[in-house]
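Here the sequence shown stands for residues 126 to 389, where the numbers follow the working numbering.
Where hints are given, some of them may not hold.
[As the list claims (entries may be wrong)] Taking CB as the label site, the calculated pair distances span: (1) 213 <-> 372: 36 to 44 Å; (2) 183 <-> 258: 47 to 55 Å; (3) 354 <-> 314: 24 to 32 Å; (4) 286 <-> 242: 45 to 53 Å; (5) 357 <-> 271: 47 to 55 Å.
Keep in mind the hints are simulated off the structure, nothing from the lab.
These figures come from a predicted structure and were not determined experimentally.
Built from N, CA and C at the ideal position, the CB exists for glycine as well.
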Amino acid sequence: MNERPEVAEPREHGLVADPSDPATQVSARSFGAAASVYHHARPGYPAEAIAWLIGDATRVLDLGAGTGKLTEALVALDREVIAVDPVEEMLEELEVAVPGVPRLLGTAEDIPIEDDAVDAVVAGQAWHWFQPERAIPEIARVLRPGGVLGLVWNSRDTRVDWLREAGEIMHERHDASATFESYVNVGPPFGEIVEHTVEWGARMSREGFLDLVRSRSYFITASTEEQQATIAALETLLTTHPDLAGAEEIVVPYVTRCFRTTLR
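The whole structure should be built from the sequences, with the hints applied where relevant.
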């Protein structure tokens, strides 16, 4: 498939968020209230994508690790992993999902590990929460010379009709002309950014899809009335759309976008 996937830009991972905005910071920390739902609802990452992202790095920092979705993929690749996240409830879920991985409370702007400590720093669904002017020097500090910074997002493929309709119900903004590159312009002391894309599908029940919606920060922070209206509209879509009607299991198409750059 040669067509570039459209970029779905929800408010939460809307890549339109200003990390310095107090409202954004509240949204970023809202996940603690739904940590358990977040972990069982959110999809993992394709092994192919994560192997490309980290290359031959052996000691990896998962920054903004959340409940450990990316951590799981790194451990499966037999890497030594350190997990850092600012939300204690998320790290508690991570300990259950990936026992034994060192987990530390901290942020991208104040990373609680020593200098030159890791071969790679990765961030899954997280870079848009960071304040780059503070995070980039901190990431460079903890990386060894020649170390890798890897950024990855799972995005629902809104070229698929029913997913596009679902996004409209969730008030997502779809902009085919928008590109991730404008949001991952890391700059010095890092080099050129290279990209790798993997297209795949996550199988889940209808209720699993609704839980995926319930795990998003814009849903968590919405009013009860807004939450109920969103779920009701999505239930109608899942029941009546010709591609989904009668199906006990659905396949949610994803595009995993990976960006990698090296410390100069």
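These are the hints, each one checked on the structure:
Take residue 213 and residue 372: their Cβ atoms lie about 38 Å apart, and the range 36 to 44 Å holds. Checking the proposed 47 to 55 Å range against residue 183 and residue 258 shows it is violated: the Cβ atoms sit about 30 Å from each other. Judged by the Cβ atoms, the range 24 to 32 Å given for residue 354 and residue 314 is violated: they are separated by roughly 47 Å. Distance hint for residue 286 and residue 242: a CB-CB separation of about 46 Å, consistent with the stated range 45 to 53 Å.
Taking the beta carbon of each, residue 357 and residue 271 are about 52 Å apart, inside 47 to 55 Å as hinted.
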